[in-house]
Every structure is written in structure tokens, then in C-alpha cells.
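There are 2 protein chains.
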Amino acid sequence: MQIINKNIKILIVGLGLIGGSYAKALRKKGFYVTAITNDQKSIDYALNEKIIDEGYDYVNEKAVSDAELVVFALYPNVFVEWVKQHGHLFSKGTIITDVTGVKQCIVYDIQNSLPQGVEFIAAHPMAGKEVYGVENSDDKIFEGANYIVVPTEKNTPEAIETCKDLGKVMGFNRISVLSPEEHDKMIGFVSQLTHVIAVGLMTCSDNEHLVDYTGDSFRDLTRIARINENMWSELFMLNKDALLKQFDTFIEECNTLRTMIKEEDTERLKEKMRLSTKRRSLFDKK
Amino acid sequence: MQIINKNIKILIVGLGLIGGSYAKALRKKGFYVTAITNDQKSIDYALNEKIIDEGYDYVNEKAVSDAELVVFALYPNVFVEWVKQHGHLFSKGTIITDVTGVKQCIVYDIQNSLPQGVEFIAAHPMAGKEVYGVENSDDKIFEGANYIVVPTEKNTPEAIETCKDLGKVMGFNRISVLSPEEHDKMIGFVSQLTHVIAVGLMTCSDNEHLVDYTGDSFRDLTRIARINENMWSELFMLNKDALLKQFDTFIEECNTLRTMIKEEDTERLKEKMRLSTKRRSLFDKK
Numbered sequence: 101m102q103i104i105n106k107n108i109k110i111l112i113v114g115l116g117l118i119g120g121s122y123a124k125a126l127r128k129k130g131f132y133v134t135a136i137t138n139d140q141k142s143i144d145y146a147l148n149e150k151i152i153d154e155g156y157d158y159v160n161e162k163a164v165s166d167a168e169l170v171v172f173a174l175y176p177n178v179f180v181e182w183v184k185q186h187g188h189l190f191s192k193g194t195i196i197t198d199v200t201g202v203k204q205c206i207v208y209d210i211q212n213s214l215p216q217g218v219e220f221i222a223a224h225p226m227a228g229k230e231v232y233g234v235e236n237s238d239d240k241i242f243e244g245a246n247y248i249v250v251p252t253e254k255n256t257p258e259a260i261e262t263c264k265d266l267g268k269v270m271g272f273n274r275i276s277v278l279s280p281e282e283h284d285k286m287i288g289f290v291s292q293l294t295h296v297i298a299v300g301l302m303t304c305s306d307n308e309h310l311v312d313y314t315g316d317s318f319r320d321l322t323r324i325a326r327i328n329e330n331m332w333s334e335l336f337m338l339n340k341d342a343l344l345k346q347f348d349t350f351i352e353e354c355n356t357l358r359t360m361i362k363e364e365d366t367e368r369l370k371e372k373m374r375l376s377t378k379r380r381s382l383f384d385k386k
Numbered sequence: 101m102q103i104i105n106k107n108i109k110i111l112i113v114g115l116g117l118i119g120g121s122y123a124k125a126l127r128k129k130g131f132y133v134t135a136i137t138n139d140q141k142s143i144d145y146a147l148n149e150k151i152i153d154e155g156y157d158y159v160n161e162k163a164v165s166d167a168e169l170v171v172f173a174l175y176p177n178v179f180v181e182w183v184k185q186h187g188h189l190f191s192k193g194t195i196i197t198d199v200t201g202v203k204q205c206i207v208y209d210i211q212n213s214l215p216q217g218v219e220f221i222a223a224h225p226m227a228g229k230e231v232y233g234v235e236n237s238d239d240k241i242f243e244g245a246n247y248i249v250v251p252t253e254k255n256t257p258e259a260i261e262t263c264k265d266l267g268k269v270m271g272f273n274r275i276s277v278l279s280p281e282e283h284d285k286m287i288g289f290v291s292q293l294t295h296v297i298a299v300g301l302m303t304c305s306d307n308e309h310l311v312d313y314t315g316d317s318f319r320d321l322t323r324i325a326r327i328n329e330n331m332w333s334e335l336f337m338l339n340k341d342a343l344l345k346q347f348d349t350f351i352e353e354c355n356t357l358r359t360m361i362k363e364e365d366t367e368r369l370k371e372k373m374r375l376s377t378k379r380r381s382l383f384d385k386k
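Listed in order, the protein sequences are those of chains S and G.
Under my numbering, the first residue of the first sequence carries the number 101, and numbering increases by one thereafter.
Under my numbering, the first residue of the second sequence carries the number 101, and numbering increases by one thereafter.
Please note: incorrect hints may appear among the correct ones.
As the list makes no split between identical chains, a pair holds if one copy fits it or if it spans any two.
Below, computed lysine-lysine pairings styled on DSSO-like, alpha-carbon distance capped at 30 angstroms [unchecked claim]:
| id | residue 1 | residue 2 |
| --- | --- | --- |
| 1 | Lys285 | Lys106 |
| 2 | Lys229 | Lys370 |
| 3 | Lys162 | Lys254 |
| 4 | Lys345 | Lys192 |
| 5 | Lys106 | Lys268 |
| 6 | Lys378 | Lys345 |
| 7 | Lys162 | Lys264 |
| 8 | Lys345 | Lys370 |
| 9 | Lys362 | Lys141 |
| 10 | Lys285 | Lys370 |
| 11 | Lys150 | Lys264 |
| 12 | Lys378 | Lys240 |
| 13 | Lys229 | Lys345 |
| 14 | Lys229 | Lys362 |
| 15 | Lys128 | Lys229 |
By construction, these hints were calculated from the structure, which means they are not laboratory data.
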């Protein structure tokens, strides 16, 4: 069942890597895509490359009130501010979604800031790249990727379906539903903790010749160590408690493994490796 | 300068993923490649796929004494045992090299076990895959990869050059030289520590639905968590001291980052991220 009809007017706020990739995917499917971002260069690029149909480097009131489906692809704090300042411009019936990497700290706040009849249904596309800006936007990053819809008790079944449908339209592989609390716990582990580990691997040793000796293992574990420090420090702070909890679990496991190595307890070490192999093998299935 | 001539007789001992990939690369370049491995099925497969010219599932004395360049691609302890048992079969002038992932604990031992005039020059190809066996062998894994020659004071300049040349012939991108001690320290970090971390990430949390939510970050950091428990526990034990030292450095850095997050010290956290980004960017150059 296709809920989103092709004539729906889509507005994307924030035309960076993810906003641009959403625009690209949606325009290719025949949707009319308008964008608002704070940078005329990004608008010019996106118009020129036919990533969007229409764009503004300011809050164009008509574009906002005309929009029927809005995707916010901004930093979390900027997103909350934007809605508080301009949320009254949305028309009744508009559905708003987002791509933000943290949920509890923004979802309730935004749902409470919006006018009656304008519904915010949160989502998190588990896709990205270690580069930034609309110039790097690429809708192929959604292929085979996971998409998580994050409703609260305030959301209607219709908005949840529309949000799932948006994920399908853009080509995501697997669409799941989590509560904001479950989402933040999970994301503290699979996304934020992995970024901390990658950074730690790059910063704990200052061997500048490493690049001459390294193999793919180290390259893989540090790909995400090229990190946007403003975005990620904001994400870490907004999900601090969940991240610290996951970090502790990981450090504890490191200490357990360290003891096994130190004590040459190869039997228990092999058991851990067999468990790891078994669990990881699930990730190769599509 | 090409030191290795095309008529040299190459023997590969151990026809697994790496031995098979060496054979494939060398045979493609026109070398006559013989293999000895403990499994007739692997020999049959390799003959059938034209990965080798000749093969034995036992220690064929003529194949050993005819060989002029020998590559050992066995587990470390099996390698040492093999040389102690059969090393007397090598002819004077033979150059022996290997692909073993640890060096101090085997190099001196093997150099002392070999007869006069048979020279062992250690090497470590920094290439691999998380699959095993000659059936998965693939000489493309050497493209763009690093190759490390690991001489001791006993090695002649000629053998070192031959070993470097072998790396060039097989298509490695960068060829470096490290002492066994430097090698083991470095490998404890870029290879062994990364495998421990990947295993720890998979074993510290038992959320079986993770695969539904995960993004590329977690997939990248755990690719090597599918691990051959026999080989890697042996490698860890043989390089225990260096690995534990690197592990401690990493855990200490984790604790530093944890404190920065806990205390919301975003300025120092951003500094770490900028350093990490700067260092990692070097790895993208070819």
C-alpha cells in the first residue's frame, strides 16, 4: 500500500549530506521537492544538479505553509530552535519527520511546540558517510540500510504509516519501530560508542608511520574516526547517560578479555570468539 | 631491478587463504608454483583451478630440496615444528620466507633451526579476509596493501632484497622494513588490538535485534569479529606482552574520553576529534 501520493509537497529543511540525499531520492521518484537551508551556495548547487525543484536560503513562509510532508535534517539543537521560532507557520494536517540521531531530548519538546493538527513523527535513517554537505549527497547510501521510526504515545497510526512509507519510498532495506528510550539506548551502542572507539584508536597512539604498516582491520575500525566534531560532540552530550552506560559495558568487556589474555585462558577466549563469530554472521544476511 | 627470476622454483607450504592467494599471484606472473599442505582436497582444488602447478598432501622430499624460494603460510607453532622436523631437507642457497603475524617468538628460533646456507627472511603481508581456505584465495587482496619485511642481524642484504622483490611481484603497494621487535609492537596495535575490540563489541551486549537497527559504523567496526578462534588465540598468546601493552594504552584513552563526556568537556572532546580526523585523513591517500 502506497500512502504517500506523488502529488504531496515535500519540504526539506537543512540541505547537508542527509537532507541532500533525501531530496535526491525523493525527486528521482517524481516528488516535487522544496528545500530551505541557510546557505545560498547549497541551494544553487542543488538546483543546478536537479536535486531539488525549489529552494530558499531563508524561511520562506509560503514554502513552509504549503508543505504537506516536512523532513528536518538539522543538528538537534538547531532543529528544536527552528520549530520553536517558525513552527506556527505550518498548516494543519502537515506531517513532520526528521533524521536526528538522538530522540528523547528532542521528540517530546518538538511535539509540544507544534500547533494543534501538525504532527511530528520522528525517524532515524541508519545511513551516512564520513563526508559532509549537499555536494556529497548520495541516495545509494539508503540501499540495504536500516530505517527506524520512533513514535511516542501522541502519534497517530496514520502518521506512523506515512513515516514508514517514506522509508520504503527512499529504498531502505529494513524498517523498524522503537520508542525514543529504546532508540537512544540502541544508538548509544551501535553508533555513538563505535565513534568514540574509532576516535580513541586514532588518538591513543601517536605513531605517525602507522599508515605504512596498517592492514584493513585498522582501516575499517577507524573509517569513522574522520568525524565532524561539532555534530558528534552535540550528539554525545544529548545522549550522555545512554552513551556512558554503553561505554561502561564495553570497557568492562575489554577488561574481561584483557584478563583472559593475561592469564592465557585460551579456552574462555575461544568461547568469546565463537560467540562473536556467531553473532556477527547474522549481519551478513540481507 | 628484478631480483627474482622467472625460472626460480617456488614452494608454498600451507595452502589456506593466504598461501593460496600467494600461489595465485605468483602463478599468474608465470612462476612455477609447487604446494605442500596437509589436505588432498585443497591440492585438488588448487590444481583444478590452476592456482598451483604441482602439489602434495605430504612432505615430498624432492619438492622441498628442489625449491629455491619457499613461502610458509602456516600457523606459527606448526611452522616452527615443521622447520625443526623437515628443515634439513632444504638445499643450500634456498631462501625461506613466511606470512606469520607474529615475529619475535618464531624468527630467531627458525633461523637457528635451519642448516647452514639456508636463509630465513621473515615477512608479513598486511592483507586478509574474514574467510578461510584456498577456495577463498584471492590475489586482489594484495593490491594497495602493505607488506613488511622483518629482518634480523643474521639476514644478508641479498635475501632482504629478494623478499622485498617478492612483495613487489605480488602487487603490494608499500613495502617497509621493521625489526621483529618493532613489528610485534606495531601489530599488537593495528591488528591484534582491533580484533579484540571487534570481538568485545559483539560479546558485550546480547541484543539479538541489533541487526535490524545497525548502521555502517557498527558493521565496519565488527567485520573482523568473525574470527578464526584457533589462529587468533594462538597469535594473541604469542604476542601477549605487546598486545597487553597496547590494550592498556587503548583502555586508558577510553577512560580519558569517558571522563570528557561525563564532565561535558566538549572543548577537549572536540580537540580529540580534530586530532583523530587529521590523523585518519592520512590513511585515505594511496
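Status of the hints after comparison with the structure:
1. Lys285 with Lys106: This pair counts as neither: shortest intra-copy Cα distance 35 angstroms, inter-copy 59 angstroms.
2. Lys229 with Lys370: So lysine 229 and lysine 370 pass the 30 angstroms test across copies only (19 angstroms; inside, 34 angstroms).
3. Lys162 with Lys254: The answer is within: 27 angstroms in one copy meets 30 angstroms, while 80 angstroms across copies does not.
4. Lys345 with Lys192: neither (40 angstroms within a copy, 61 angstroms between copies)
5. Lys106 with Lys268: within (14 angstroms within a copy, 56 angstroms between copies)
6. Lys378 with Lys345: Both ways: lysine 378 and lysine 345 sit 25 angstroms apart in one copy and 28 angstroms across, limit 30 angstroms.
7. Lys162 with Lys264: Answer is within: at 27 angstroms inside a copy they meet the 30 angstroms cutoff, but 68 angstroms across does not.
8. Lys345 with Lys370: Intra 26 angstroms, inter 21 angstroms, cutoff 30 angstroms: intra and inter.
9. Lys362 with Lys141: Neither: 56 angstroms inside a copy, 38 angstroms across copies.
10. Lys285 with Lys370: both (29 angstroms within a copy, 23 angstroms between copies)
11. Lys150 with Lys264: within (25 angstroms within a copy, 51 angstroms between copies)
12. Lys378 with Lys240: both (29 angstroms within a copy, 27 angstroms between copies)
13. Lys229 with Lys345: This pair counts as within: shortest intra-copy Cα distance 26 angstroms, inter-copy 33 angstroms.
14. Lys229 with Lys362: For lysine 229 and lysine 362, the Cα distance is within 30 angstroms only across copies (27 angstroms; inside one copy 37 angstroms).
15. Lys128 with Lys229: Within one copy only: 20 angstroms inside, 37 angstroms across.
Hint compliance for this structure: hints 1, 4, 9 are not met, and every other hint is.
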